[in-house]
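If you read the protein sequences in the order shown, they are chains A and B. Residue numbering for the first sequence follows numbering that gives the first Met the number 0, starting at 0 and increasing by one per position. Residue numbering for the second sequence follows numbering that gives the first Met the number 0, starting at 0 and increasing by one per position.
I should point out that these hints are in silico values taken from the structure, not numbers from a laboratory. Here a beta-carbon is modelled for each residue, glycine too, at the ideal position from N, C-alpha and C.
The calculated lysine-lysine pairs, modelled on DSS-like cross-linking and capped at a C-alpha distance of 30 Å, are:
1. B:K266 / A:K167
2. A:K266 / B:K167
3. B:K252 / B:K10
4. B:K322 / B:K294
5. A:K10 / A:K252
6. B:K187 / B:K167
7. A:K322 / A:K10
8. A:K111 / A:K294
9. B:K299 / B:K111
10. A:K266 / B:K10
11. B:K167 / B:K322
12. A:K322 / A:K299
13. B:K266 / A:K322
14. B:K111 / B:K294
15. B:K266 / A:K10
16. B:K266 / A:K266
17. B:K167 / B:K294
18. A:K144 / A:K266
19. B:K167 / B:K266
20. A:K294 / A:K144
21. B:K144 / B:K294
22. A:K167 / A:K266
23. A:K322 / A:K167
24. B:K266 / A:K144
25. B:K299 / B:K187
26. A:K187 / A:K299
27. A:K294 / A:K167
28. A:K299 / A:K111
29. A:K266 / B:K144
30. A:K266 / B:K252
31. A:K266 / B:K322
32. B:K266 / A:K252
33. B:K144 / B:K266
Here are some chain A residues the structure puts well away from chain B; computed CB gaps all over 10 Å:
34. P30
35. M50
36. G146
37. L292
38. E306
Residue-level listing of the chains:
Number of protein chains: 2
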Amino acid sequence: MPERNRQVLLKRRPEGMPVPGDFDIVDAPLPEPGTGEVLVRGIYLSLDPYMRGRISGVRSYARPVEIGEVIEGRVVGQVVRSNHPDFRAGDYAFGGYGRQLYSAVPGNSLLKLDPAEAPISTALGILGMPGMTAYIGLADIGQPKSGETVVISAASGAVGAVAGQLAKRQGARVVGIAGGADKCRYVKDELGFDAALDHQGSDLGAALDAACPNGIDVYFENVGGAVQAAVFPRLNDFGRMIMCGMIAEYNDKTPRPGPNLGAVVRKRLKIQGFIVGDQRHRHGEFRAMAAPLVKSGQLKYREDIVEGLDNAPEAFIGLLQGKNFGKLLVRVGDDPTR
Amino acid sequence: MPERNRQVLLKRRPEGMPVPGDFDIVDAPLPEPGTGEVLVRGIYLSLDPYMRGRISGVRSYARPVEIGEVIEGRVVGQVVRSNHPDFRAGDYAFGGYGRQLYSAVPGNSLLKLDPAEAPISTALGILGMPGMTAYIGLADIGQPKSGETVVISAASGAVGAVAGQLAKRQGARVVGIAGGADKCRYVKDELGFDAALDHQGSDLGAALDAACPNGIDVYFENVGGAVQAAVFPRLNDFGRMIMCGMIAEYNDKTPRPGPNLGAVVRKRLKIQGFIVGDQRHRHGEFRAMAAPLVKSGQLKYREDIVEGLDNAPEAFIGLLQGKNFGKLLVRVGDDPTR
Numbered sequence: 000m001p002e003r004n005r006q007v008l009l010k011r012r013p014e015g016m017p018v019p020g021d022f023d024i025v026d027a028p029l030p031e032p033g034t035g036e037v038l039v040r041g042i043y044l045s046l047d048p049y050m051r052g053r054i055s056g057v058r059s060y061a062r063p064v065e066i067g068e069v070i071e072g073r074v075v076g077q078v079v080r081s082n083h084p085d086f087r088a089g090d091y092a093f094g095g096y097g098r099q100l101y102s103a104v105p106g107n108s109l110l111k112l113d114p115a116e117a118p119i120s121t122a123l124g125i126l127g128m129p130g131m132t133a134y135i136g137l138a139d140i141g142q143p144k145s146g147e148t149v150v151i152s153a154a155s156g157a158v159g160a161v162a163g164q165l166a167k168r169q170g171a172r173v174v175g176i177a178g179g180a181d182k183c184r185y186v187k188d189e190l191g192f193d194a195a196l197d198h199q200g201s202d203l204g205a206a207l208d209a210a211c212p213n214g215i216d217v218y219f220e221n222v223g224g225a226v227q228a229a230v231f232p233r234l235n236d237f238g239r240m241i242m243c244g245m246i247a248e249y250n251d252k253t254p255r256p257g258p259n260l261g262a263v264v265r266k267r268l269k270i271q272g273f274i275v276g277d278q279r280h281r282h283g284e285f286r287a288m289a290a291p292l293v294k295s296g297q298l299k300y301r302e303d304i305v306e307g308l309d310n311a312p313e314a315f316i317g318l319l320q321g322k323n324f325g326k327l328l329v330r331v332g333d334d335p336t337r
Numbered sequence: 000m001p002e003r004n005r006q007v008l009l010k011r012r013p014e015g016m017p018v019p020g021d022f023d024i025v026d027a028p029l030p031e032p033g034t035g036e037v038l039v040r041g042i043y044l045s046l047d048p049y050m051r052g053r054i055s056g057v058r059s060y061a062r063p064v065e066i067g068e069v070i071e072g073r074v075v076g077q078v079v080r081s082n083h084p085d086f087r088a089g090d091y092a093f094g095g096y097g098r099q100l101y102s103a104v105p106g107n108s109l110l111k112l113d114p115a116e117a118p119i120s121t122a123l124g125i126l127g128m129p130g131m132t133a134y135i136g137l138a139d140i141g142q143p144k145s146g147e148t149v150v151i152s153a154a155s156g157a158v159g160a161v162a163g164q165l166a167k168r169q170g171a172r173v174v175g176i177a178g179g180a181d182k183c184r185y186v187k188d189e190l191g192f193d194a195a196l197d198h199q200g201s202d203l204g205a206a207l208d209a210a211c212p213n214g215i216d217v218y219f220e221n222v223g224g225a226v227q228a229a230v231f232p233r234l235n236d237f238g239r240m241i242m243c244g245m246i247a248e249y250n251d252k253t254p255r256p257g258p259n260l261g262a263v264v265r266k267r268l269k270i271q272g273f274i275v276g277d278q279r280h281r282h283g284e285f286r287a288m289a290a291p292l293v294k295s296g297q298l299k300y301r302e303d304i305v306e307g308l309d310n311a312p313e314a315f316i317g318l319l320q321g322k323n324f325g326k327l328l329v330r331v332g333d334d335p336t337r
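Just chain A, same shape as in the assembly:
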């Protein structure tokens, strides 16, 4: 076991698209777990689009990462040393902190993972925050009815892939939007969406018209930008727009204009945003629904695993450019369960 920690720090706030020089990668002493705390060796670190907001310094629903601090992020790992009665060395757990090899965190912030129930990495993806985001957005805002048409952007991503599969299970016609032929093939053939449209194609509007002959009832928004502009005018009366994220705009230096809201009145649209962190108390409800479906193979997922902490900045930049294919993880340590 190494004696030293290694961390990715925020060196300066990115201007537009982040560059590797916005981050520092440094060695640091091993953290010492305090009373009630646990020392966790990271195995998988999660890279998620929301982190772009956290390093921007803009006031939002959460405190920003400050210059010189470890980049925020969820971790799946293994307990090295425990000062908490519920954990002992060797336990697998979700809930370490940050883009680093080791972290000392309160034991009561951890969730013990059973590798027999599901691969431990899924606690960062389909059974974690991204999967629950898909579930909450559909349950609380989209509420698709059988036979309705649901469009999902970033459909091969960690959230979109789950949202589409859940909407299918609720009887909706599901159309995914993704970048490139490989992702579209995956969305349609592997995940079972009714159609998949390539936003890199020539005319997304025409493709939506063809794939959604009855218009669009629910739009699960992960992307913004040109995709939002193509979907919005095609929403049906009483359409719902689940505002989950707008990754295509996260690096804009000035915000783009949005759609004219006159249609919201005429069509009685609902445009509603949500943050999954507001719903932490429903994690049990979500996991009870989703874990059996993952185990039985009825809910499919795909992971894009990058090796080594030092590759995290580049992988994160790739995520913001749509280069990942599936839930993006960084493996920073040996996974004895695989």
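Given the coordinates of chain A, work out where chain B should sit on it, guided by the hints.
Showing chain B alone in chain A's frame:
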């Protein structure tokens, strides 16, 4: 009793702000009530902002008025001749049709009015579609909680005045936005809003900051344009935007851009539109709540009454320019109840 009808017809579709030449005023034969129908002599004709959409020819939630047709509109009047068992000559009723002196309409589309309950003109205003619009928007979308801040645009108008008074009754801090000092004085001193801001003033944003020290929780949107642009960035987390209308944009030849929707995610906003006509079945519920409050003077209202059918086009154009002060009506015949 005159032998002839007189009507305002759509002569051509307005380009931008309507002009008097977009309308024809013509004499016509008296309509003949068919089986089950009633001949209604109009007393008050309603002029409402939504009519701008109906004469634009744009597909919407309702069929447009075609060239050469009578302009749509609600009417309060008196039964002249009845082929329906529930009505007889002399009855007062809500529900004639269109910008004309006489109309023949199905008896089962009429609502009999009791002048002892409330002035019959209120069936077009505070106890009619505009009042119910305010009620539905607050009940179904805004849902202000006690102590929250509610901002209402077009606050002296037929909808805004009711919305503000109802929100006050629900314990909210209510800030109105209106055009000009007279309307603002009325909103604050007569209607009892906590504050009234003049959108013709120099800096609406600064005025909102001063009047809403705790931000804005609910925005009742009747206006759009610069007022919307000032309110939107001041919405609090979990803010609700009741999308009722955007009168400042109804004459735009091309739609203006709207707000960037990134804030909808970050702040978990809800932006939702509605059309009161979808909720006709709740008219009884609304009237049972509102009529006693009107009778007791607890809900105040103001009417802006223009005399004579031939003045309707100019009055309607004035409505779109914000020149009316209170619910705009055209009196086209003698009101024996006043």
